[in-house]
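Participant: Spelled out, the chains give:
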Amino acid sequence: MRSVAMGRRQALVGLTGALLAGGTAQAAGPTRGGTLNVGLDNDAKTYDPIFSVQFTERHVLYLAFNTLVKYGPDFSIRPELATSWETAPDGKRIVFTLQPGVTFQDGTKFDAAAVKWNIDQRMDKTVNSPQRQLLEPIVASVEVIDPLHVAFNLVTPSPVLFSLLGERPGFMVSPTAWQQRGAEFASQPVGTGAFVLKQWTRGSQVVLERNPTYWQAGLPYLDRIVVHDLAGSVIGVQRLLTGEVDYVDQLTPTDVLPIEKRAGIVLKPIKVGRWYFLQWHVNAAPFDNAKLRQAFAHAIDRERLNEITMRGQGSVSDGPTPEGLWWYDPNLKFYQHDPARAKALLAEAGYPNGFEYELSTPQVTVFQQINQLLQEQLGAVGIKLRLQPVASSEWYARVVAGTTNLTPTRWTQRADPDGLLYILFHSKGFANTMKYRNERVDALLDQARTVYDIPTRKRLYGEAQQQIVTDLPMVPLIFGAEYAALRANVGGFEWIPDEIPRFRELWKTAG
Amino acid sequence: MTQPGVLRPGRWIGVAVIAGVAAVALAAPVLAPRDPYRSSIAMLDLPSMAHWLGTDDLGRDVLSRVIFGARASLAIGFGAALVAMLIGVPIGLLAGTLRGRIDVALVALIDLFIALPGLVLALIITAMVGANLRNLILVLGVVMWPPIARLVRGQALALREAMFVEAARATGGTPLWIVRHHVWPGVLPVVAAQFSISVSFAIFTSASLSFLGLGIPPPAADWGGMVRAGYDYLAINPAMSLAPGAAVSLTVMGFYVIGTSFK
Chain R
0 MRSVAMGRRQ ALVGLTGALL AGGTAQAAGP TRGGTLNVGL DNDAKTYDPI FSVQFTERHV
60 LYLAFNTLVK YGPDFSIRPE LATSWETAPD GKRIVFTLQP GVTFQDGTKF DAAAVKWNID
120 QRMDKTVNSP QRQLLEPIVA SVEVIDPLHV AFNLVTPSPV LFSLLGERPG FMVSPTAWQQ
180 RGAEFASQPV GTGAFVLKQW TRGSQVVLER NPTYWQAGLP YLDRIVVHDL AGSVIGVQRL
240 LTGEVDYVDQ LTPTDVLPIE KRAGIVLKPI KVGRWYFLQW HVNAAPFDNA KLRQAFAHAI
300 DRERLNEITM RGQGSVSDGP TPEGLWWYDP NLKFYQHDPA RAKALLAEAG YPNGFEYELS
360 TPQVTVFQQI NQLLQEQLGA VGIKLRLQPV ASSEWYARVV AGTTNLTPTR WTQRADPDGL
420 LYILFHSKGF ANTMKYRNER VDALLDQART VYDIPTRKRL YGEAQQQIVT DLPMVPLIFG
480 AEYAALRANV GGFEWIPDEI PRFRELWKTA G
Chain G
0 MTQPGVLRPG RWIGVAVIAG VAAVALAAPV LAPRDPYRSS IAMLDLPSMA HWLGTDDLGR
60 DVLSRVIFGA RASLAIGFGA ALVAMLIGVP IGLLAGTLRG RIDVALVALI DLFIALPGLV
120 LALIITAMVG ANLRNLILVL GVVMWPPIAR LVRGQALALR EAMFVEAARA TGGTPLWIVR
180 HHVWPGVLPV VAAQFSISVS FAIFTSASLS FLGLGIPPPA ADWGGMVRAG YDYLAINPAM
240 SLAPGAAVSL TVMGFYVIGT SFK
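Those protein sequence lines, which keep their order, are chains R and G. Counting from 0, one number per residue, gives the positions in the first sequence under numbering that gives the first Met the number 0. Counting from 0, one number per residue, gives the positions in the second sequence under numbering that gives the first Met the number 0.
One chain only, chain G, in its complex shape (with noise of 0.2 Å):
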């Protein structure tokens, strides 16, 4: 807060690690050195030159994998945020500028959302529809969206206040007009840091969802599924699941450090 945003270094720490994996999860048929999916009769191998990071129980490539394993996780990340912002932010937004009764309703439910345990909601409602991509993303962003709600409503909120007094002084701009003008400018910001902290809460989530066996279906290379899957066998090729869960924490890490880097 006492440097100048641009020049924060924890932000271009994230910035790196989040353009190295959209690289990667972009170029991933042309960087993967084998197909990801095809199995062979070189099990478990260790790490090697013909496989970087060994091979799995099926004989894949893990290296290949992991690489593969990108484009699910930011997917996922991306989409699932996106839930959570289309959401969160108009039901934020009209219980920040709207007064009485709407407010308090809308309150209401988000304070009764957020007193929910985020995973567990998750896991009880992904067992309930079934686990693939699309439900993911939908169920995640669910989730997701109460702290975005809440915290666009508290800057909605304090901005109303502050422009209450202007737009009584102005000629009779309308409440749309006043948010669109006004208010929207001083929630983006903090929108656009708590996009990339959703997106980084729910790629760990979905990790923590397959690797309870509630994720992407197999032959899936996601990386929670792939750390469920070597877990078998960690004291034989333990890059089966120390490399995924490696992808898992760097990519969280560095989306959460771009967005803590807003505030």
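One chain only, chain R, in its complex shape (with noise of 0.2 Å):
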């Protein structure tokens, strides 16, 4: 044996095997300081909670704004700057206890007054917020008892109201700076939050630092925090594995192939998908015809969707709801493939030539992939798609505005079955774009949201679901499997079923 040779071969699997230890560690215990590089494709316009509709606002809304209460990652409510609550037994009033010796980044204090501004301004009609919808059907008035203590008087009781507090209607906002500030609160926002937005360069990055007044002993460990701009994952994905961004999200299973094995990188899968949908007018012609909905519905193979754009990783969906959420029903009945049903129902809705339509095509990946292998199960049946492409930026807005009849769309869960279901599919719904009108729907998410047992909301919102379905104002399509990727140094994170990360309890370790 040669003893310096065997020292030499020890040494080098020591260390070849401490450099792989420290390559995948995990970021041991909170450490301060640093800077957080997000990688984001941000398509912000405003950082004004009060009238904020983007997606991706909220990851910077949740830094630089507290809510009253929070979703914990179960979707359960949890205190923030409300620290408990009481619940009259009518159902129609709760009482809120707040968090004492929290100011605002202005120094503005925050109290019971704030509260109730911060409700009155969302319900102002000459505001206009888009959450004046949310809010109105469930709020009567606000009522200031003592500073620490506010209460909701309820126009009806309602479960709905916690979940809204933990999103856009709970954040609140400084009354003083959002006066003084007017149309320039949207890109210099005052909140209670763990970070003070900074500078906000449109089309390049947000530059939020800590807060030093923040109420949270402790936190936040992060000094900085840069939000990047992306132009799309991919570029996100080299950017993480260059070292430049910390955190990139929106990762589909194909675009996480090429780090699935990396050293330093560690990936989050979400356990709750996004939801794809196809969508389209259902009160007017052509798509107010049933049978050639149902012939849409034949046609299309949700599991192949699945399989081609999720890898197999997503799942198929039936209905609004993924499975792990409590009001799921895993006795809905929905159309199956059948193409031969799907060519009859064609000819019997009026078309035993085809039909024929433009199917809007976001410059979004996965929408991409989706609409092309729709298009092919669709011909296949005779209904013939063209593919019209539309800017990201510009496509949701046309829908909206009902210049867009036919798109593929998707939604990530709310906290409250009341959420997405009343949203999208009540007569009143803001985001109910496909025109969807049924009265017996009408009541039963009426009904469900005034409710506070569960085993009734349940029951309510199966039979609510199945006759959505039934309907088809839409096609769902899937659930999404998606990914957050992230340095290994980076410790912390938790996904929440809304698809927002929070990053306010990140920290980063050096390395």
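Hints in this document: simulated from the structure, not taken from any laboratory. It is possible that part of the hints are untrue.
[What the hints assert, rightly or not] In silico SDA-like cross-links for lysine to any residue, where the CA-CA straight-line distance does not exceed 25 Å:
hint	chain 1	residue 1	chain 2	residue 2
1	R	K383	G	G212
2	R	K267	G	L43
3	R	K383	G	L132
4	R	K332	R	E462
5	R	K260	R	A284
6	R	K260	G	P46
7	R	K342	G	Y36
8	R	K457	R	W325
9	R	K383	G	R70
10	R	K91	R	V154
11	R	K44	G	I123
12	R	K267	R	V225
[Claimed, not checked] Here are some, though not all, of the chain G residues that point toward chain R, as calculated from beta-carbon distances under 7 Å:
hint	residue
13	I40
14	L57
15	P216
16	D231
17	I235
Quick reminder that beta carbons are idealized off the backbone N, C-alpha and C, glycines included.
Could you use the hints to bring the two separately framed chains together as a complex?
Facilitator: Here's what the structure looks like:
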């Protein structure tokens, strides 16, 4: 045995082991300091919570602001600016106790008067917040009892209020700053949050810095967060590999292929994926024709959509709710893949020689893939779709305006079943771009949002969802599989099922 | 310029390339091993015996898509060059054979269009009118006519000066007769060369437009669009972008070499 060679070999093995371990080790406990670089395909138009609509605005809102309550990883409601609450026996009054000693980033005190002002602004017709329609059916008035106690007087008992106060309507804005800054508030927002928005260069980046007077002791750990605008997930992955960004999300199962086994990168899959569906205007020709819609439903092979666009890692959607949420109904019945039946229905619908239409195709990779597959599958039964490309910044605006009829779309789940089901499928829902109107569904949704009892709500939502999918204001497609990818030295990350990452409590170790 | 035209090697290479691409485009349905539009669950496979260039993100055969892509490219190339000729040659001839205010006005028009950067102009117009095969041919034709007009005008001017003397000696030939019998034969070689170069420019520019998302809509087997779609997957199956990219380069080069070999 040559002891020198053995020693060298052992040293090499030891060194390699140490390098590997160093590369894949998860970050240790919380460490102070550092800058987190986030890569985001940013479509933000405003950082004023009262007017926020776009998906990616919330990434920054949850940093600059706090909400009255927050969501746990299972969508349970937990305290934040409100430490506790009491519901009156008739369910029509809820008194919230507020966190003491909290100030906004401009020094204004956070108290019951500020809460009242925030809700009043959102309900004010002249302010015209998109959240008015969410709050108006529920909140009659907000009453200041004392600086630390505020009461919500409700129009009707509503469990939905709690989930609303954990997202957009719940972001507490500084009344002083909002009134002073006017239109400038959208780019210079002031909340009670752990980070202060210092600078927003549209199309480039958002810079946030640690709030030194943040009320949660010990937080935040990071000094700075920079949100870099990305042109897409591929660039995001590349910049993650070079270390230019520490976090990237909205990654599909194909996007993560190059980084699946990389040292130094950690993948975090989200269990409740985005809901993809194909929608149309159901109140006017040609899609007011039920047999035509059923032909579409039977022609589409959703299993194959999942296999090809999600590498089989998503799941087929029969309705709006994925497994894992408490209002999921395993007994939902949907139209099965049956091309022969689809052809027959197409003829019965009055299109024996085929049907042609334009399918809006936003410049988002997943939609491009889904649309091409839909075109293929529907083409096989005589439905010819022309794919119409549209810039992603314009796409949803056109859907809302009604100029786009047939389009794929996707939504993240809300913390309360009423959240998504109401805004999409109630005749008064603000996101009901399908122009769907069914009185029975309206009645079921109206009733379910006033009942606090879970089993009853579950039954009502089950009936509503079955009616909806039978009526086909849209064809449900799949629930997506998505990932966030982080550098291994970033710690503390956990997904919330609304797919908005929470960066407030992250930390970064050296390396 | 010193060698006899027919013996220049560049021309023959160019002809070979173009003949090859045209043959591929014509024989595409026979040549392509698979249906270029048919998806499969073998997504992003690397090149193999089953798929010589691998598959794309929807499991489609890349080789078949590249072969069919020749059709769109040649259609746009020839179509746009033809449109450019149909606009540019008459304007150039008019400017070069007529004198005075018409010439001045047309020259101003030509210069105005030449000053605008071609790709940017094409981008803007396509974004406004929408991208499909017909619009692309028209837009690219509109972008390409000014250099042709300028070239034809120059050639026509030179010939007109020479012919003028002869026409003065001749017994009252009309301008049209002079153009047809003396100016046009002199202009023709220039036009032919420029046609080839225009095809090359059109194919390249349409590939650029497709790459930027303003080309023929999916699922078209269009080289520029394929390069764009493959961009997301360079680390997984590079053939998805590299193959159509090479096809564009080869075709563009072939037409360009032919065109310049005339000069």
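Participant: If a hint holds in the structure, say so; if it does not, say that too.
Facilitator: A quick look at each hint next to the structure:
| no. | hint | result |
| --- | --- | --- |
| 1 | R:K383 <-> G:G212 | holds, 22 Å |
| 2 | R:K267 <-> G:L43 | holds, 23 Å |
| 3 | R:K383 <-> G:L132 | holds, 18 Å |
| 4 | R:K332 <-> R:E462 | holds, 11 Å |
| 5 | R:K260 <-> R:A284 | violated, 51 Å |
| 6 | R:K260 <-> G:P46 | holds, 22 Å |
| 7 | R:K342 <-> G:Y36 | holds, 21 Å |
| 8 | R:K457 <-> R:W325 | holds, 8 Å |
| 9 | R:K383 <-> G:R70 | holds, 22 Å |
| 10 | R:K91 <-> R:V154 | holds, 7 Å |
| 11 | R:K44 <-> G:I123 | holds, 24 Å |
| 12 | R:K267 <-> R:V225 | holds, 21 Å |
| 13 | I40 | holds, 5 Å |
| 14 | L57 | holds, 6 Å |
| 15 | P216 | holds, 5 Å |
| 16 | D231 | holds, 4 Å |
| 17 | I235 | holds, 6 Å |
When each numbered hint is compared with the structure, a violation occurs for hint 5 only.
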